[in-house]
Structure formats: C-alpha cells, structure tokens
Amino acid sequence: MPNESRFSGRVALVTGAASGIGAAAARRLLAEGAAVFTLDLRVQGPEGAVAIAGDVSSSADVNAAVAEAGPVDILVCCAGVPGRSLQTVDVTDEEWKRVLAINADGVFFCNRAVIPGMVERGYGRIVNLASIAGKEGNPMAAAYAASKAAVIALTKAIGKDLARTGVLVNCIAPAVIETPILEGITQEHIDYMVERIPMGRMGTAEEVAALICWLASEECSFSTGATYDISGGRAVF
589 MPNESRFSGR
599 VALVTGAASG
609 IGAAAARRLL
619 AEGAAVFTLD
629 LRVQGPEGAV
639 AIAGDVSSSA
649 DVNAAVAEAG
659 PVDILVCCAG
669 VPGRSLQTVD
679 VTDEEWKRVL
689 AINADGVFFC
699 NRAVIPGMVE
709 RGYGRIVNLA
719 SIAGKEGNPM
729 AAAYAASKAA
739 VIALTKAIGK
749 DLARTGVLVN
759 CIAPAVIETP
769 ILEGITQEHI
779 DYMVERIPMG
789 RMGTAEEVAA
799 LICWLASEEC
809 SFSTGATYDI
819 SGGRAVF
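When you read off a place in the sequence shown, starting at 1, and then add 588, the result is the number in our numbering.
FYI, nobody ran anything at the bench for these hints, they're computed from the structure. Just so you know, these numbers come straight off a predicted model, no measurement behind them. A portion of the hints provided could be inaccurate.
As the list claims (entries may be wrong) - Straight-line alpha carbon distances no greater than 30 Å define the calculated DSBU-like cross-link-like pairs of lysine-lysine that follow:
(1) Lys723 with Lys744
(2) Lys685 with Lys744
(3) Lys748 with Lys685
(4) Lys748 with Lys723
(5) Lys723 with Lys685
Whole structure, please, built from the sequences with the hints as guidance.
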C-alpha cells in the first residue's frame, strides 16, 4: 500500500513516464508525496506531474530537463525500446545504434546529469530499469539484451563510484511485464519469455513500481550497485 508521506519534500524525475512502468512509478511517487517531473518524447504523464518533452538519447535534452526539474533527489530511468524481434544477422547498423542510444546512452546521460547536484547535497536515489534479458540474453533480441547488460554494468560502476556520497544507485531486472512496449515485438518472442516464468504470467507495471519506490526511498540505505530481479521466479539468484 502507498505511504502518503514517504517522499514528502522530494523531487523525482522519471523518464519514459508516458506509459508502462514509468507511468506507474510516477503515479506512485506522486501518491507518496513527491513532486514529480517526467521526461518523454510525448508531453504526457500522470495527473499532477510536470511533463517535459525530450529525447533521452540527446544529452542536451536530458540536461535541459534536469535543469527544469531543479534539485533532483530521485531519478528513475524507465525510457526504453524493445528493438525489433530479429535474428542477430538481420540486425542492421541503424537498428543496433537506435536501441543502444535510447536504452544505454539515455541511462548514462540521465545518471551523469543528476549526479553532481545529488553529491553536492549529500543525498540521492537513482533507479535504472534493466531487464532479465541483460542477465540471461534472449533470442531475437541481441541489441536489447546488450543494451540492458550495459545498464546493469553501468549501475554497478556508478554505485561504486558514489558509495560514500549518500547517493545510492541500483537497477531492476524485470522479466516480461504487461506494458505497451510489447507492441513492438512478435508473439513468438512474448511466448518465449512467458514460458520461462515459473509463476506462469507476466508481471504488472504496478508491481515493478512498488520495488522502484522502495529503492528510491530512505528505507533503502545499505544497497548500491545492485540488480534486483522481479521475474516471477525466472531468476532466483
């Protein structure tokens, strides 16, 4: 259940909040008292949030959004694309670069932009969205899996960089979650992912948002650089 005062006085920036996990995270942060800014290609977000239009693969757009949001206490990086369902040999240069630019470069740009202010104030929480594909790899998803592996490694590195600053950086590796991102991949690809979940179902955006909000809170105080699975039993270590 939401805690209405957990984020009172905190400013959060959530990327990819026009739909899916990002929207669910933004809604819960709002419900728990945060002032929420969203960054997405679409000027769209939950009621009560300040929506900023921008492309996370552009460092200029990211820097402008961070400046508009002001002192950011919480960063949640949800913006991402699944990439096309292709065998590796069929992935074009353009598709590879597109997926890595949004999923990996975007997370790097956002993390880099908020770190100086967080370190200066001695407090911050960063939650990056990776994927089980970044740990195990999925067929027909070379670019996506590589981009999410990059997010995991980036989180580990930044977490260690900032471990004594009061800024904690963690990531989440969901299995398949029922969100609009699935519209971009084939049913064969979706079936492959669901079949590997012992609980036999997709997760929900709200379930992921609950974990995001714990990692974004002061209750998370002795974890950084870690990867948290939310996979219905697919990953158990």
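Status of each hint after checking the structure:
no., hint, in the structure
1, Lys723 with Lys744, "13 Å, holds"
2, Lys685 with Lys744, "23 Å, holds"
3, Lys748 with Lys685, "28 Å, holds"
4, Lys748 with Lys723, "19 Å, holds"
5, Lys723 with Lys685, "20 Å, holds"
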